[in-house]
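Engineer: Sequence:
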Amino acid sequence: MVKGVKVADDGVVTLAIALTTAGCPLRGQIQRDAKTRVESLPGVTKVLIDWSELDAEERSAAMAVARKNAAERAPQTAIPARARVLAIASGKGGVGKSSVTANLAAALASRGFQVGVIDADIWGFSIPRMLGVDGRLGASKSGERTSIVPLTRPIGTGRLDIVSMGLLVDSEDAALLWRGLMLNRAVQHFLEDVDWAPDLDYVVIDMPPGTGDVAMGLARMIPRAEMIVVTTPATGAQKVAGRAVAMARKSYLRVAGVIENMSYFETPDGERHELFGRGGGEALAAETGLELIGRVPIEPAVSAGGDDGEPVVLGDGVAAAAFHAIADRIVTEVAPPVEMEGCTARMLDLMDAALAESDN
Numbered sequence: 002m003v004k005g006v007k008v009a010d011d012g013v014v015t016l017a018i019a020l021t022t023a024g025c026p027l028r029g030q031i032q033r034d035a036k037t038r039v040e041s042l043p044g045v046t047k048v049l050i051d052w053s054e055l056d057a058e059e060r061s062a063a064m065a066v067a068r069k070n071a072a073e074r075a076p077q078t079a080i081p082a083r084a085r086v087l088a089i090a091s092g093k094g095g096v097g098k099s100s101v102t103a104n105l106a107a108a109l110a111s112r113g114f115q116v117g118v119i120d121a122d123i124w125g126f127s128i129p130r131m132l133g134v135d136g137r138l139g140a141s142k143s144g145e146r147t148s149i150v151p152l153t154r155p156i157g158t159g160r161l162d163i164v165s166m167g168l169l170v171d172s173e174d175a176a177l178l179w180r181g182l183m184l185n186r187a188v189q190h191f192l193e194d195v196d197w198a199p200d201l202d203y204v205v206i207d208m209p210p211g212t213g214d215v216a217m218g219l220a221r222m223i224p225r226a227e228m229i230v231v232t233t234p235a236t237g238a239q240k241v242a243g244r245a246v247a248m249a250r251k252s253y254l255r256v257a258g259v260i261e262n263m264s265y266f267e268t269p270d271g272e273r274h275e276l277f278g279r280g281g282g283e284a285l286a287a288e289t290g291l292e293l294i295g296r297v298p299i300e301p302a303v304s305a306g307g308d309d310g311e312p313v314v315l316g317d318g319v320a321a322a323a324f325h326a327i328a329d330r331i332v333t334e335v336a337p338p339v340e341m342e343g344c345t346a347r348m349l350d351l352m353d354a355a356l357a358e359s360d361n
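The opening position of the sequence shown corresponds to residue 2 in the numbering used here, with each subsequent residue numbered one higher.
Rather than coming from a laboratory, the hints here were simulated on the basis of the structure.
For each residue, glycine too, the CB sits at the ideal point set by N, CA and C.
Derived BS3-like pairs (lysine-lysine); straight-line CA-CA distance at most 30 Å:
#1 K7 x K36
#2 K36 x K47
#3 K251 x K240
#4 K4 x K36
#5 K47 x K7
#6 K251 x K4
The calculated label-pair distances, taken between Cβ atoms and stated as ranges, are:
#7 P199 x T15: 51 to 61 Å
#8 R273 x R244: 27 to 37 Å
#9 R60 x V39: 17 to 27 Å
#10 A198 x V39: 46 to 56 Å
#11 R244 x I50: 31 to 41 Å
#12 K251 x A79: 22 to 32 Å
#13 D270 x T147: 53 to 63 Å
Let the hints inform the model, and build the full structure from the sequences given.
Structural biologist: Printed below as a string of structure tokens:
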């Protein structure tokens, strides 16, 4: 933003500063900070500022630098460093993002992983119902610090630890008339003030649709998150989902891949009907250079499982098989748990030990 500096013989310094917009509300603060800093230098008698405005290209570059700096100075969260953070996002509502979140979390837990689930869709919370948990979030106190205690659901040898605004309001029908700052603050509480267990392998976040305040705020607060974008085969949904990918990349988030939901309906005799078009997930993956992680078919059991609090992935059927296949790819390829990152080395150690034992 600093376009030039002129120092006169009499100690008068003129700074050329270009604002992102002529009506920038931080103009006064920038002026005070610049004058205070430069006036403290030896030999400076006066500081003048010559204001201008960045053009579109310069503004885009400046914002990119600002976002990168924000990501590098992300605040500390309570999420364990060992946990892989997966943000399930979409460009628009109605593509089944929450259903994908609930089923992937349950699929990971069914493999013995300990999974935290954050319902960051503050307005449209639905995760408690979909995962079959009811009640209120508790609290724990350690010294002067009070933390939120998530609700827990065991699944096999794994576990789901769940936080949601739906577990703080009196009823699921409650309407939250909150604006951007309050929404961001709620998500910040879920990241910083929850008593997350130290053994979490994954944290799965159900993002709100679109690229608004919560999505950008989460990118700033937890830049190590990896985004998985959900779309449907329809071209309209695919194009809008592309905006979520662009937002993530501009915020320096890794986009791990694409899931196409509602891909097709399969009859009992195996015939497939593509009710919402064809190829949206593949087209989005190709346009953005991402990988299509999997396709989930339409099945009434998915909706019924969400209503009953029993994710379809815990049963049988074509949709359950699709979710399990996606979970397998996440665990083995897309975002392996921390313990598996060194699995080759450990495997070689075990082989060496076995060979030594056989030699003895």
